[in-house]
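Residue numbers (the numbering used here), protein chains in the order written: chain A, 167 to 504; chain B, 167 to 504; chain C, 167 to 504; chain D, 167 to 504.
Hints should not be assumed to be uniformly reliable.
Because identical chains cannot be distinguished in the list, a pair is counted as satisfied if it fits within a single copy or across any two copies.
As the list claims (entries may be wrong) - Okay, derived cross-link-like pairs now, DMTMM-like style, lysine to aspartate or glutamate, Cα gap no bigger than 25 Å in a straight line:
| # | residue 1 | residue 2 |
| --- | --- | --- |
| 1 | Lys214 | Asp436 |
| 2 | Lys261 | Glu235 |
| 3 | Lys219 | Asp436 |
| 4 | Lys444 | Asp211 |
| 5 | Lys468 | Asp211 |
| 6 | Lys308 | Asp496 |
| 7 | Lys372 | Asp419 |
| 8 | Lys195 | Glu499 |
| 9 | Lys259 | Glu437 |
| 10 | Lys260 | Glu437 |
Worth flagging that the hints you see were computed from the coordinates, not collected in a lab.
Number of protein chains: 4
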Amino acid sequence: MMLKVGIIGATGYAGEELIKILLHHPQVKIALLQAVVKEDILIQDFFKGLQGKINLLCTNLNLEQVILETDLIFLALPHKASMEIAHLLLKHKKKVIDLSADFRLKDTSIYEEWYQTKHTCPQLVRETVYGLPELYRNFIKKATLIANPGCYHTSIILGLAPLIKHQKIDLNNIIIDSKSGVTGAGRTPTHTTHFPNCSENFFAYKMFNHRHTPEIEQELSFLAFKEVNITFIPHLLPINRGILSSIYVDLKDSLNQDQLLAIYHDFYQDEPFVRLLKDTSPQIKDVIYTNFCDLSVFVNNKKALIVSCLDNLIKGASGQAVQNMNIMFDFEEKLALW
Amino acid sequence: MMLKVGIIGATGYAGEELIKILLHHPQVKIALLQAVVKEDILIQDFFKGLQGKINLLCTNLNLEQVILETDLIFLALPHKASMEIAHLLLKHKKKVIDLSADFRLKDTSIYEEWYQTKHTCPQLVRETVYGLPELYRNFIKKATLIANPGCYHTSIILGLAPLIKHQKIDLNNIIIDSKSGVTGAGRTPTHTTHFPNCSENFFAYKMFNHRHTPEIEQELSFLAFKEVNITFIPHLLPINRGILSSIYVDLKDSLNQDQLLAIYHDFYQDEPFVRLLKDTSPQIKDVIYTNFCDLSVFVNNKKALIVSCLDNLIKGASGQAVQNMNIMFDFEEKLALW
Amino acid sequence: MMLKVGIIGATGYAGEELIKILLHHPQVKIALLQAVVKEDILIQDFFKGLQGKINLLCTNLNLEQVILETDLIFLALPHKASMEIAHLLLKHKKKVIDLSADFRLKDTSIYEEWYQTKHTCPQLVRETVYGLPELYRNFIKKATLIANPGCYHTSIILGLAPLIKHQKIDLNNIIIDSKSGVTGAGRTPTHTTHFPNCSENFFAYKMFNHRHTPEIEQELSFLAFKEVNITFIPHLLPINRGILSSIYVDLKDSLNQDQLLAIYHDFYQDEPFVRLLKDTSPQIKDVIYTNFCDLSVFVNNKKALIVSCLDNLIKGASGQAVQNMNIMFDFEEKLALW
Amino acid sequence: MMLKVGIIGATGYAGEELIKILLHHPQVKIALLQAVVKEDILIQDFFKGLQGKINLLCTNLNLEQVILETDLIFLALPHKASMEIAHLLLKHKKKVIDLSADFRLKDTSIYEEWYQTKHTCPQLVRETVYGLPELYRNFIKKATLIANPGCYHTSIILGLAPLIKHQKIDLNNIIIDSKSGVTGAGRTPTHTTHFPNCSENFFAYKMFNHRHTPEIEQELSFLAFKEVNITFIPHLLPINRGILSSIYVDLKDSLNQDQLLAIYHDFYQDEPFVRLLKDTSPQIKDVIYTNFCDLSVFVNNKKALIVSCLDNLIKGASGQAVQNMNIMFDFEEKLALW
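Produce the complete structure using the sequences and hints provided.
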């Protein structure tokens, strides 16, 4: 019996990647594709790269149809658009994996401040599971609503979790210099993402002011059992895909590289999608088109550098969403992701 | 006495380049910058790269002010927007260099067909000089209205002119495979020019259907004294600037590379901005940020390949416009362009 | 029973892609990796992207071991290096897929002229099958030695085959303007492939003088049953992967786009890896990381343009090699390639 | 009277930029070009972009000729190669601007440790002036030997100087995350700088281990009048030119952005080549091909971020060298650099 899956928001980058991944999933049938479109369109005409691999209409939003024809729904919608839809789908006993930020922040007042909108289903937030398998696998198994983490978040939280969990670092001096490819900004053309503005260029943006900051701090604080504040500065790389975060921390005690790596090894040894590298930086070219997060650590006196690297559209979005689905439905966790 | 120059359309790529070039011109004062803007903006705040080099307000279109304060006006507006403005400025005895296509086609019915708009000043077209100095320098000297050629056109016409002029090639089998950087598509973001759609990508566009075709054919026909039809296919390169045209022709008589080069050498020997290369392809990196058009020729039996290469924003637009200005006002032709 | 496969030349780009593809093949076991290396190296240390996916030593060339441990060998060696090795392996009843040019030219005197080396096994050339499944599937099934076509070749031959086979075009005026990504030049750093020489650059190379020309002409001549001479000019694109060929031909009779497409549709309708697009250019982004060759055709009077596009490392090398293996060993043709 | 200038190391990137800049200098004559070359070569054949702009032979190293024909020599040689040459030229009363690291470190034992070579003229180091005009203009005026700072150094020292000079920051927690374009690695092709290894890629390198660290610490310590230790991690950007350094510091006292900017404004108000931006990150595209260093500052509580951006080949190498020359010879400081 194949799981009937719907993708709402199929015409964005995350939707495209979900289709590409799920097409290779032996236990899933893509039952339905929807998006905010003026008229129905064959998805393989919209994404020409899908020619010959799928033949399916992407229709305008129609939740009744979603309820009738699918069991699990991926919401790949812009922030703010998922709240009501998730609510309705859950009422009809569907399972939902939401790739937006709408259910990620446990404190909805913080959500409302950063996203400048009222949160209409705060009660749902409580039962939402944060879809980071490396931290919450057991909760994901039983979840009905997954808040799938974003790309910066995954790279940073996976980079810091072992050291914070084991209380190895000063929580008051965490500096995160992140660099993202341009697909991280979505499919809508803007002056910022115009080719001549990116190519042969590089710059920081939203200095001390990126709305992903509170979500990252929330997750790190859960790990620390106390409040964590970070310095997080994103930059835009002239590449299509991939994120690399350079994370600077102060060690409480002197630890050499081997000792640090041992902590990471213990923490991630059973994880299929976290790889540790020694003596070399992770490289974006080695993780793009994969669900891997590559990590390496370096030490100088009591300063440590963690370099964390992943594909923003896979481990940072759609691949992780499928990993969550595999866990929820008791499929082999690597299915369609290997 | 400095020439007082106005730039209308100062917020586009051609406008930006005009400013950068004219800032270095010892006999020109940028008197005025205008564009279609909602509110006045300091041009150095709009183009941050101009910080410290200029301090000038770019205001909304105001032709009265243009008439009062300038002697020469560069129109760097989208196609169709220049007609009326040029007309008015000429009536007030101004000189105009128009970077759009509005006055390039001598047969306005062809213009009207390809640009889907009525031409409102056909009488002006007759007195317009096509601003390609290598062909029309003597006319440019006395011109009041210059139709500044586009980027594809310049690379192609300069590549073919010597062979057509000297009747060395079959006029029925000219194949032009052109490749342009993304600034050629202008500053307005579109799906086509969205970074992730260009980077690591390449494709043809407007196959047999690019509206620059009739303009190129017009100029080649003038050179040939008979009708020339070309096959012209543009492609989009994942680079910011530069055009390279690979032009395939059939020689009427056997000529070796040296003989061909001699024809080009004779034709261009006094031209400051045309360079001939031997035994090697021109490269875009060698012409960007310059007003040069680099050419090389290769032969195999009676097939010849001409490779022509220039910076679409300089020799293909603003640099050539300044070169035309230098000629019109009897300045040293290389001023500000060297 | 798994097929035991060896890859000789495992440290090049084609070797890397072969490993990545074969890792997903359910009926193949990568039994052995060899290359010209000074000391044995774990392949996942050499290509970090393979970490966690394979654990296998790449050793120096050792044909005795190859003979003992494998049934099928992929030779991903530089031109000239395969001849003797293939010869020896075949004597030991192995099957060989050679990705070099060593066995592609039926007339070894042409090989010797272009590759400046003596061909040491001309007798083997006769029994070699040119590994282009769309043309030679039935021969590939029974082959013991496959000469796997190169990247330019595949894009061009697939683009022209239907029209030449059906005698629709003038064979004396075929102009091929090809553009390749930089991996086409191999893994060895050179001045040409140095990042600052490619990025924001573009140029033609080996004008009328590329050694792939005779191989393409050979295959087109077989299709035409008469000698075909082409004009073939390659260019270097500032991208990692992908080839796009713009092919200009003269139609013998007037055909519109639909009629042309119908010819292509008939020719390729059962082909899993050839896709036809209508009214739009193929794009490199839609074929990279796939085994597809995308084609489209355009007409203007009796000039036709065929645009052909593929991933130089997949359909242009390793993917096609695996496709050939699937055919030789009666596996499902799309296995590991879909 | 024109200053007769020689460039030794003319075939590298810094040499190429020196030529391009000096060609526009009204008071300088490029008298001589030398490099380690097997045979003499016309420099415009070596760098095709110089065709039509210069006609000069680049010959093999020949110091006698240098002594006879030049007054000022730019040494654009690899590290370690300049020591003896500078020594000899100074003995002959020449003035020297050395772009290598050979004379930058005042403590030659540190030089010897990081560059793994004996320093042969430690006595010269003492009289060398560090060629950063913003800090040492008065010394540069009288210098005979300039140690021209490197690219990372300039971006970092200019970014930190005002805050260190005014004792506004904690000297024990300075974190510098720098990103450089590929020309920073020089003209020699390597696996690291091979196009397919850079494009669509990004990574850190020499983690806690870059040999520019001690030089930066030296200069910051001079400013602080006490020892400063930094965390400096360079990364490789997939672009040709440009460096952006993101510098994280702890403010001793609370300062808002305006107060911080005021400090920078005071410090740099008379500097022609330092630009301050407000509320926006500097962008590499705005500084390439210029001698500007663009700076901006941001604050959050007592954490400050300084973003510093320049062209590694101009303000980070050859432009700064010419700026130093202008100061030494009492030319207008902006000559040829504006």
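Copy assignment of Lys259 with Glu437, given that the CA separation must stay at most 25 Å: neither (30 Å within a copy, 43 Å between copies)
Give the relationship of Lys372 and Asp419 under a CA distance limit of 25 Å: within one copy only, between copies only, both, or neither. between (33 Å within a copy, 23 Å between copies)
Intra- versus inter-copy proximity for Asp211 and Lys468 (alpha-carbon distance at most 25 Å): Neither way: Lys468 and Asp211 sit 55 Å apart in one copy and 29 Å across, limit 25 Å.
With identical chains treated as interchangeable, where does the CA-CA distance between Lys195 and Glu499 reach 25 Å or less: within a copy, between copies, both, or neither? both (17 Å within a copy, 23 Å between copies)
Same-copy or cross-copy closeness of Lys260 to Glu437 [CA-CA at most 25 Å]: Close neither inside one copy (28 Å) nor across copies (40 Å); limit 25 Å.
Status of Asp436 relative to Lys219 across identical chains (alpha carbons, at most 25 Å): between (33 Å within a copy, 14 Å between copies)
Using 25 Å as the alpha carbon limit, work out where Lys308 and Asp496 are close: within a copy, between copies, both or neither. within (10 Å within a copy, 44 Å between copies)
If the cut is 25 Å between Cα atoms, do Lys261 and Glu235 qualify within a copy, between copies, both or neither? within (13 Å within a copy, 49 Å between copies)
Give the relationship of Lys444 and Asp211 under a CA distance limit of 25 Å: within one copy only, between copies only, both, or neither. Cα proximity of Lys444 and Asp211: across copies only (10 Å, versus 44 Å in one copy).
Checking Lys214 and Asp436: alpha-carbon separation at most 25 Å within a copy, between copies, both or neither? Between copies only: 19 Å across, 38 Å inside.
In summary, the numbered hints that this structure violates are 5, 9 and 10.
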